[in-house]
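Visitor: Quick note, the sequences are listed as chains A and B, same order. According to the numbering used here, the stretch in the first sequence is residues 2 to 366, in order. According to the numbering used here, the stretch in the second sequence is residues 6 to 81, in order.
Simulated from the structure, these hints should not be mistaken for laboratory data. Treat the hints loosely; a few may be bogus.
Subject to a maximum C-alpha distance of 20 Å in a straight line, what follows is the list of computed SDA-like cross-link-like pairs (lysine to any residue) [as the list claims (entries may be wrong)]:
1. K16(B) - E28(B)
2. K263(A) - I303(A)
3. K32(A) - A178(A)
4. K125(A) - E33(B)
5. K260(A) - K61(B)
6. K61(B) - S247(A)
7. K257(A) - E28(B)
8. K29(A) - L58(B)
From a predicted model like this one, the values you see are computed outputs, not experimental measurements.
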Amino acid sequence: MDEKRRFRNPDLARRIAEKISKLAPREKPVKICHVCGTHEWTITHFGIRNLLPQTVEVIAGPGCPVCIVPASEIDEAVKIAEKGITVTCFGDMLRVPGSTMSLLDAKANGADVRVVYSAGDAVKMAEKSPDREFVFFAIGFETTAPSTAVEILGNLPRNLSFLVSHRVIPPAMKLLAEMRDLNLNGFIAPGHVSTVIGLVPYEVFPQDYGLPTVVAGFEPLDVLFGVYAILKQIHEGRPRLENEYSRVVRREGNVKAQKLMKQVFSMADGKWRGLGTIASSKLALREEYAVYDAHTRHGVCIAEGVDSHSGCMCHLIIIGKSKPNECPLFLKACRPEKPVGACMVGIEGTCRIWAKTINRQSHVL
Amino acid sequence: MCLAIPGKIVKINDSHAQVDFGEGVLREVNITLVETRVGDYVLVHAGYAIQVLDEKEALETLNLWNEILRSETENG
Ligand code: SF4
Numbered sequence: 002m003d004e005k006r007r008f009r010n011p012d013l014a015r016r017i018a019e020k021i022s023k024l025a026p027r028e029k030p031v032k033i034c035h036v037c038g039t040h041e042w043t044i045t046h047f048g049i050r051n052l053l054p055q056t057v058e059v060i061a062g063p064g065c066p067v068c069i070v071p072a073s074e075i076d077e078a079v080k081i082a083e084k085g086i087t088v089t090c091f092g093d094m095l096r097v098p099g100s101t102m103s104l105l106d107a108k109a110n111g112a113d114v115r116v117v118y119s120a121g122d123a124v125k126m127a128e129k130s131p132d133r134e135f136v137f138f139a140i141g142f143e144t145t146a147p148s149t150a151v152e153i154l155g156n157l158p159r160n161l162s163f164l165v166s167h168r169v170i171p172p173a174m175k176l177l178a179e180m181r182d183l184n185l186n187g188f189i190a191p192g193h194v195s196t197v198i199g200l201v202p203y204e205v206f207p208q209d210y211g212l213p214t215v216v217a218g219f220e221p222l223d224v225l226f227g228v229y230a231i232l233k234q235i236h237e238g239r240p241r242l243e244n245e246y247s248r249v250v251r252r253e254g255n256v257k258a259q260k261l262m263k264q265v266f267s268m269a270d271g272k273w274r275g276l277g278t279i280a281s282s283k284l285a286l287r288e289e290y291a292v293y294d295a296h297t298r299h300g301v302c303i304a305e306g307v308d309s310h311s312g313c314m315c316h317l318i319i320i321g322k323s324k325p326n327e328c329p330l331f332l333k334a335c336r337p338e339k340p341v342g343a344c345m346v347g348i349e350g351t352c353r354i355w356a357k358t359i360n361r362q363s364h365v366l
Numbered sequence: 006m007c008l009a010i011p012g013k014i015v016k017i018n019d020s021h022a023q024v025d026f027g028e029g030v031l032r033e034v035n036i037t038l039v040e041t042r043v044g045d046y047v048l049v050h051a052g053y054a055i056q057v058l059d060e061k062e063a064l065e066t067l068n069l070w071n072e073i074l075r076s077e078t079e080n081g
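If we strip away everything but chain A, and leave its shape as in the complex, we get (with noise of 0.2 Å):
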């Protein structure tokens, strides 16, 4: 199974921009927003924005999961590390900034904070020291969230709890559908998100705000055709829900991961860092979990953080109101190295992945 060969086909892809070509708007510009960041990869890293005819615009919505985590929250993962509790993380979320530190800066500093890959790293982890207190820091959206629900429905080592701030994509995405400044006409789905809540989430898009919305994988292919669906639906004048990535995305998505997330979590608000709160668009742990809460636990709680820093305008770009290059600290006092803002800091960030290609030919198609 030969996923790249087959679904990067250059031929294929030069013929699809043709016929993208044919179908877009002679004036009024169409703009279609995608909320992954595997999507913006995909899209930049191959160029995928030079193919488009001017008045077809892809914008990158809030899909870096790292990235729109709320400072507050990782105030609280500072907090606890601060305490001499270990803290594990994904490895891209050591650098996100938070009021006035990272988790780097704490390790930085003495604290024990600790990468891992997966969820089962950290109980492994914990497993192996039981004299030590450890947190897991459970970010990442409906795609991460059930492997959270797997460990914490497991057998749990005794000094392991979770600071748990996962994100759900469809209600932000409703929140981007109903900013009239942002005037979007389509978006790409998040594929991966999509693999576990399956289709119906996003059924509301083009029935209640006449949004097409196409589901789209992560090759080249799949967002060039997904782009296609999209204006052709425009032109036909009938939004409607497809699904472009069959190969893994089923209608009813992964109902087990459905079953689990549901059996652990509740939904609450949740702060966006860009975006405010949320309503119910925040993964909660249910009351019969609360031992396994690193805020009750360890008694930390913090409502508010200082979301950006000075001349940062990632809150503009999380929305994709602004690009990468319109920030007058990008590639200046803004780089991979040595980032500002979160979106500069997660593998998934635009303003991180527009720096990592900008100076590369790396436009394969």
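Place chain B with the ligand on chain A using the hints.
Guide: Chain B with the ligand in isolation, oriented as in the chain A frame:
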């Protein structure tokens, strides 16, 4: 973070499997979230298989794309 990579199940041991990501890269993956067997391709995210790839659907998608590109009569 939402990056998920396909790999082939080579051995299953209860809730975990050895998954071949190509070029000799073998990793242990938690398969609690999927129904799978040896030989399947699964999509792996942060150490957990989140879905089984459907080869038939992959071929159908490619066929559909070729059809779209061939259709001269449609508008676009
Ligand atoms: S380039 Fe840096 S400072 Fe500017 S918006 Fe992006 S992360 Fe913020």
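Visitor: Which hint numbers doesn't this structure obey?
Guide: When the structure is compared with the hints, numbers 2, 5, 7 and 8 turn out to be violated.
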